[in-house]
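Residue numbers (the working numbering), protein chains in the order written: chain A, 1 to 314; chain B, 1 to 314; chain C, 1 to 266; chain D, 1 to 266.
Calculated from the structure, these hints are not laboratory results.
Please note: incorrect hints may appear among the correct ones.
Claimed, not checked - Using 25 Å as the maximum straight-line C-alpha spacing, the simulated SDA-like pairs for lysine to any residue come out as follows:
hint	chain 1	residue 1	chain 2	residue 2
1	B	86	D	252
2	C	71	C	240
3	A	88	C	1
4	B	305	C	263
5	D	244	B	59
6	A	276	C	5
7	B	292	C	142
8	B	158	B	54
9	A	3	B	205
10	C	5	D	82
11	D	244	B	31
12	A	292	B	54
13	A	96	C	3
14	D	237	B	215
15	C	75	D	45
16	C	84	D	45
17	D	203	A	308
18	D	5	D	16
19	A	276	C	65
20	D	84	C	257
21	D	71	C	88
22	D	71	B	205
23	A	86	A	40
24	D	27	B	31
25	B	276	B	305
26	C	203	C	251
27	A	82	A	56
28	B	276	D	200
29	D	33	D	257
30	C	237	A	207
31	D	75	D	200
32	A	86	C	251
33	D	71	D	42
34	D	244	B	305
35	D	75	C	90
36	D	186	D	102
37	C	171	C	134
38	D	84	C	203
39	C	186	C	65
Please read all numbers here as calculations on a predicted model, not as lab measurements.
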Amino acid sequence: MPKTPNLSVEIGGLILKNPVITASGTFGYGNELNQLINLSSLGAIIVKGLSLEPMPGNPPPRIVETPCGILNSIGLANVGIKAFIKEKLPALHKIKTPIIANIYGHSMSEYAKITKIIEDTEKIAALEVNISCPNVEKGGMAFGTDSYTAAKVTEHVKKNTTKPVIVKLTPNVTDITSIAVAVESAGAQALSVTNTILGMAVDVPTRKPKLANIIGGLSGPAIKPLALYLVYKVANRVKIPVIGLGGIMNYEDALEFLIVGATAIQIGTATFVNPKTAIEVVDGLHNYCLRKKIHTINQITGSLKEYGESNEKS
Amino acid sequence: MPKTPNLSVEIGGLILKNPVITASGTFGYGNELNQLINLSSLGAIIVKGLSLEPMPGNPPPRIVETPCGILNSIGLANVGIKAFIKEKLPALHKIKTPIIANIYGHSMSEYAKITKIIEDTEKIAALEVNISCPNVEKGGMAFGTDSYTAAKVTEHVKKNTTKPVIVKLTPNVTDITSIAVAVESAGAQALSVTNTILGMAVDVPTRKPKLANIIGGLSGPAIKPLALYLVYKVANRVKIPVIGLGGIMNYEDALEFLIVGATAIQIGTATFVNPKTAIEVVDGLHNYCLRKKIHTINQITGSLKEYGESNEKS
Amino acid sequence: MLQEKTFITFNRMIAQNIYLMGFRSKKMALLSKPGQFLMIHLVGTQMDPLLARPFSVHSIKDNDILVILYKTVGKGTSLLSLSKEGDTISIIGPLGNGFPLPGKNQIPLLVAGGMGIAPLFFLSQLLINIKKYELKMFLGFSTSQEIVLFNELTSLGLDLSIATNDGSYGKKGLVTDILDQYLEKKSSIKPMIYACGPVDMLKEVSLRAISLNLTCYVSLESQMACGLGLCQGCAIKANNTTNKPYYYVCQDGPIFLAEMIDWGSL
Amino acid sequence: MLQEKTFITFNRMIAQNIYLMGFRSKKMALLSKPGQFLMIHLVGTQMDPLLARPFSVHSIKDNDILVILYKTVGKGTSLLSLSKEGDTISIIGPLGNGFPLPGKNQIPLLVAGGMGIAPLFFLSQLLINIKKYELKMFLGFSTSQEIVLFNELTSLGLDLSIATNDGSYGKKGLVTDILDQYLEKKSSIKPMIYACGPVDMLKEVSLRAISLNLTCYVSLESQMACGLGLCQGCAIKANNTTNKPYYYVCQDGPIFLAEMIDWGSL
Ligand SMILES: Cc1cc2nc3c(=O)[nH]c(=O)nc-3n(C[C@H](O)[C@H](O)[C@H](O)COP(=O)(O)OP(=O)(O)OC[C@H]3O[C@@H](n4cnc5c(N)ncnc54)[C@H](O)[C@@H]3O)c2cc1C
Ligand SMILES: Cc1cc2nc3c(=O)[nH]c(=O)nc-3n(C[C@H](O)[C@H](O)[C@H](O)COP(=O)(O)OP(=O)(O)OC[C@H]3O[C@@H](n4cnc5c(N)ncnc54)[C@H](O)[C@@H]3O)c2cc1C
Ligand SMILES: Cc1cc2nc3c(=O)[nH]c(=O)nc-3n(C[C@H](O)[C@H](O)[C@H](O)COP(=O)(O)O)c2cc1C
Ligand SMILES: Cc1cc2nc3c(=O)[nH]c(=O)nc-3n(C[C@H](O)[C@H](O)[C@H](O)COP(=O)(O)O)c2cc1C
Ligand code: FES
Ligand code: FES
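So here's chain A without its partners, still in its complex pose (with noise of 0.2 Å):
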């Protein structure tokens, strides 16, 4: 009889039952779904970025689709994190999945006064330092394009906290590894790669951004191949687990994922196109391993073979 693969991975001390995270942003505060699906199946969710005070976010349309993906300006939307906790959270108390605070600063003492919150909020597993959101016009993403305030907010978070700090990395940058190796140095426990890519669209008959914010990040599978990039760009770089993310639809989609390095691997847009994707990727994945006969997934994690190299292994 087939041994039951083990899907387990370790996030800075963090034990996933599986490598299948919900992406911030593209899973509400957690409890959504709850009637669609079992949310104690996930590896862990990622709730949305949450901010000191709460954030109306920006006008509609805040959400436009474009050819294989969705461009969104949101701009961080949220309750903020005492509303979150005391009105959204306790919702979660029953689920056996651990849940991840996506945090947001608009500076870098917010940052820290946030995770302070946090570490003193026993059901918060872990922390995502969210310093790429494009859509947010304070800090946002002009914290991570550059590897020194990366760093540093990394560092105002890690000070506060003994929980794992995830940092999330924004692809718009020239060199990604140089960032990922300032906040690697600054304590960072693992790196989620990447956020959403900059971009806009236009209502021609009316000649008016499509988004009235006019700019948006764009997710889907349209960035995938940029983002699988990335992932195997700082993988190789880091020694630190990376998760993977971008344009995931569907469990090969997550294996192309940890092919190239990732460890774990998050679900966003597609969650919109079918509530399911992140429950039938973990199936997918199990399934996966025990037709390939692979006992645990973190053997598939930087896999990826030369071009030339002869297949018969796998």
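We have chain A already, so just place chains B, C and D with the ligands on it with the hints.
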């Protein structure tokens, strides 16, 4: 009777009868589609990137389809500038469309040498300087990711020619406007925005990269939102004309680029999907102008409205 | 909220670019209330168009067939119009809040512009079946060719007043014109209004209702990525007398009280 | 080279995952030679899959219907298999060089592996019609269920030898095994070989032909973006005795002399 709209545009002193140009690397050496379309109807033809010596290009596979896009790692396979002039250019002599040479050098001095050869070649109307190819090891994109070297390459080319010099930028940078400004100051008379985005793809069954070169350049509709954003940013920053490209599939896409500030546009990957795309875009723009009573296409360039603005005028 | 892969039982054009489509789902049919909507995705491996599209529940047939009424306006709806009986589609629903029913002494009045008839048909079925009202409906279309479901509505027993922009049927003008006439004439009656249609029409109806102090529910649309409360994409500006800056159409709506919305922002 | 939008006249499954499809184009039918190919695109506004797909001309019916034989292996071919009589498709062709015909004293021998039968069927029709050869064809399939066109080939008058990997029909083994047997037995005959099939098979056939000094034409495939000589994508490594580093399958091929190719790179 409605007046025939004036579609002509000017790029660095060169007058094109319409703003529709075929993009380098997607239109061969200019004459391949001679049997299918009337080449003289095009605004201009940019031929495959040419180097001083012939280049073999990268090993195959060089092309892979991705969601709404393609990744290529051609590696600037070309016959070299001399063979181009001797063997390919004569076929274009009867065509009443400006021929633009896209050039690529492994070093500053190679850029200068190719430029000199082109300066003496009457049929070549202008140069497009590729400082943004992701598919070659030396030079290539490296020249285009740094303001200083980008400006230096531009100077080397400018010094050796009286023909209009267009510089083609890469999207793989943190701040494209700083490069655009540097290149403008160095004397470029126009900018092409944008070349391909870096990307990769993995074949799961064999765990090998789908491209032998591992990494390639992403083009096609998938990148349109990013390309449009970059054109918008650059056009708002420089005084010289911007030629927009990236995922244009039809005349409406072309209009989006004009509206955000492009003076002309290029058709790349779309020609693979439908070789008549460029011609159909010319017709589409013509009919749009007729329908909307727009006398000269220049009126559309940079006509983006604010989101809240009323749209009575259009 | 359910997610199901199911089969199309019919898909037919009932007017230029306007289609009625049915698909079987007993469970979802049982749960659906007028004003709620479904997210519909054609099943396939193609990723363009990428997202599911929202459609109101238009009616329930034979207790187990959900019916939508839709107009082809772009890629997604054009593709939908090509699908045939027996094709598979994926639906999530019912979503959103649905129309609150009238109170004991409230007299409902339905106002539909164009495709706004889609959810109001289901509502009128319910109102007539449950409460046996003398139900009045004002309909606006751009032209007579776009008038759909005339017979169905009439045989339900509705009292219809129709306006067309080009005057090709009924009163020439906007649906708000005939509504105005009615409200002026019968100023003693204080009906409650249910409205669905283009945003400009909803705005006009709402402003009237607010100024006349009438209860008015509108069914709003906005760009949706998920329909499920995950993306925060479907924001619509709240009237500034409330403390929420934005409502989310998929969760807080799509049915709103007229005075909840900042109409100036739309 | 022509580009046409035309109609599918038939599209039917002839074996598991294998389809024959015809579409009308008198002009293209007139121009097409065996070994040439078409770029085929389903007409529509969807952009996934994005590119057209290359298929060999499999035969010409009634002088004006182009026929292709294809196997569903991915997105594009699966979509193609769903299209029906009357659907519109866009084709560009004929493309590529086609098979050179045998010289006066050359005896042609056809070797097909799996879908390699697609272009060789057209070639065998032509050879039999024009030259009245005693035409021998070696066919390899993975299993008997994949054997297609057996009756058609037999009634053309071809002398067929079949191998299947699993031995479910004919000789158990590879098509090269039965070819080897033949070449050994009839070592006095110096046939010229036309081969099409999976690259590993073509490699084996080519290496034999080269060592026996036989003229051998192979029909090669590679990843194509355009099929038209625009993209330089379809490169295939040239044998290093030539001065071109790469051939382009769409322009220099898809038919190559065995010795032109660097088989070690494939
Ligand atoms: C809650 C809700 C219920 C709806 N019910 C119905 C219904 O019962 N019948 C019906 O015909 N339509 C209904 N719609 C609108 C329908 O969802 C859109 O027409 C459809 O999504 C358009 O898809 P498309 O791919 O054809 O168009 P696209 O190619 O996506 O867009 C074409 C045009 O339609 C506009 N558009 C796209 N999506 C929307 C949207 N969600 N709201 C408003 N405009 C949009 C675009 O801006 C564009 O101008 C409803 C929308 C919502 C939010
Ligand atoms: C000149 C030429 C003639 C051809 N003639 C025929 C024919 O007559 N009948 C037939 O069934 N097929 C033929 N092919 C192959 C056919 O083009 C591919 O099977 C088809 O493009 C696959 O498209 P897809 O979207 O279904 O698969 P995809 O989803 O694109 O790919 C599925 C799998 O097929 C492989 N593949 C994709 N395209 C090609 C290609 N061009 N060559 C080789 N492998 C590929 C991919 O690597 C992948 O493993 C020919 C190819 C060429 C180049
Ligand atoms: C609507 C939307 C909202 C998002 N909000 C956030 C956010 O609050 N914080 C964050 O770090 N990333 C946010 N993201 C980015 C996603 O988490 C993810 O990095 C990106 O979408 C790429 O993955 P995908 O292609 O799988 O969606 C958002 C993305 C979308 C589409
Ligand atoms: C196959 C291929 C080859 C290309 N070769 C070149 C080249 O030689 N020089 C160059 O400047 N750009 C080259 N490009 C980039 C295109 O000119 C264009 O910038 C890019 O494809 C984006 O436009 P598109 O999305 O319309 O294709 C190539 C693109 C493709 C797809
Ligand atoms: S549509 Fe996603 S939250 Fe409403
Ligand atoms: S497929 Fe484009 S050059 Fe051959």
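We went through each hint and held it up to the structure:
Note on residue 86(B) and residue 252(D): the hinted pairing holds, with a Cα-Cα distance of about 20 Å set against a maximum of 25 Å. Our distance criterion of 25 Å between C-alpha atoms is broken by residue 71(C) and residue 240(C), whose separation comes to about 34 Å. For the hint pairing residue 88(A) with residue 1(C), the CA-to-CA distance comes to about 19 Å; that is within 25 Å, so the pair holds. For the given pair, residue 305(B) sits about 21 Å from residue 263(C) by alpha-carbon distance, which is consistent with the 25 Å threshold.
For a cut-off of 25 Å, the pair hint linking residue 244(D) to residue 59(B) stands: about 13 Å separates their Cα positions. Proposed proximity of residue 276(A) and residue 5(C) is supported: the alpha carbons are some 12 Å apart, at most 25 Å. Restraint check for residue 292(B) and residue 142(C): satisfied, since their Cα atoms lie roughly 23 Å apart, inside the 25 Å limit. A distance of roughly 23 Å separates the Cα atoms of residue 158(B) and residue 54(B); the hinted pair therefore holds under the 25 Å criterion.
Our distance criterion of 25 Å between C-alpha atoms is met by residue 3(A) and residue 205(B), whose separation comes to about 21 Å. For the hint pairing residue 5(C) with residue 82(D), the CA-to-CA distance comes to about 19 Å; that is within 25 Å, so the pair holds. Taken as a hint, the residue 244(D) and residue 31(B) pair is honoured in the structure, with Cα atoms around 21 Å apart against an allowance of 25 Å. Between residue 292(A) and residue 54(B) the alpha-carbon distance is near 45 Å, which puts this suggested pair outside the 25 Å criterion.
Taking the CA atoms of residue 96(A) and residue 3(C), the gap is near 23 Å; set against the 25 Å cutoff, the hint holds. Taking the CA atoms of residue 237(D) and residue 215(B), the gap is about 20 Å. The hint holds against a cut of 25 Å. The suggested pairing of residue 75(C) with residue 45(D) holds, with an alpha-carbon distance near 7 Å, which does not exceed 25 Å. Restraint check for residue 84(C) and residue 45(D): satisfied, since their Cα atoms lie roughly 19 Å apart, inside the 25 Å limit.
This hinted pair checks out: residue 203(D) and residue 308(A) have alpha carbons roughly 17 Å apart, not beyond 25 Å. For the proposed pair residue 5(D) and residue 16(D), the alpha carbon gap of about 28 Å is over 25 Å, so the pair is violated. Taken as a hint, the residue 276(A) and residue 65(C) pair is honoured in the structure, with Cα atoms around 24 Å apart against an allowance of 25 Å. Taken as a hint, the residue 84(D) and residue 257(C) pair is broken in the structure, with Cα atoms around 49 Å apart against an allowance of 25 Å.
Restraint check: the Cα-Cα separation between residue 71(D) and residue 88(C) comes to about 24 Å, which is no more than 25 Å; the hinted pair holds. Of the pairs offered as hints, the one joining residue 71(D) and residue 205(B) holds, with about 19 Å between alpha carbons and a cut-off of 25 Å not exceeded. Proposed proximity of residue 86(A) and residue 40(A) is supported: the alpha carbons are some 21 Å apart, at most 25 Å. The suggested pairing of residue 27(D) with residue 31(B) holds, with an alpha-carbon distance near 22 Å, which does not exceed 25 Å.
Annotation: proposed proximity of residue 276(B) to residue 305(B) is violated, straight-line Cα distance about 31 Å (limit 25 Å). The hinted pair formed by residue 203(C) and residue 251(C) meets the criterion: a straight-line CA distance of about 21 Å does not exceed 25 Å. Annotation: proposed proximity of residue 82(A) to residue 56(A) holds, straight-line Cα distance about 15 Å (limit 25 Å). The straight-line distance between the Cα atoms of residue 276(B) and residue 200(D) is roughly 36 Å, outside the 25 Å bound, and the hint therefore fails.
Between residue 33(D) and residue 257(D) the alpha-carbon distance is near 17 Å, which keeps this suggested pair within the 25 Å criterion. For the suggested pair residue 237(C) and residue 207(A), the alpha carbons sit about 23 Å apart, so the restraint of at most 25 Å is met. Note on residue 75(D) and residue 200(D): the hinted pairing holds, with a Cα-Cα distance of about 24 Å set against a maximum of 25 Å. Between residue 86(A) and residue 251(C), the direct Cα distance comes to roughly 20 Å. Compliance with the 25 Å bound is thereby established for this hinted pair.
The hinted pair formed by residue 71(D) and residue 42(D) meets the criterion: a straight-line CA distance of about 16 Å does not exceed 25 Å. Restraint check for residue 244(D) and residue 305(B): not satisfied, since their Cα atoms lie roughly 53 Å apart, outside the 25 Å limit. In summary, the hint linking residue 75(D) to residue 90(C) is supported, as the alpha carbons are separated by about 19 Å, within the 25 Å threshold. A C-alpha spacing of about 19 Å is found between residue 186(D) and residue 102(D), which places the hinted pair at or below 25 Å, so the restraint holds.
Among the hinted pairs, residue 171(C) with residue 134(C) is consistent with the structure: their alpha-carbon atoms are about 22 Å apart, no more than 25 Å. This hinted pair does not check out: residue 84(D) and residue 203(C) have alpha carbons roughly 46 Å apart, beyond 25 Å. At most 25 Å may separate the alpha-carbon atoms for a hinted pair to count; residue 186(C) and residue 65(C) exceed this at roughly 39 Å.
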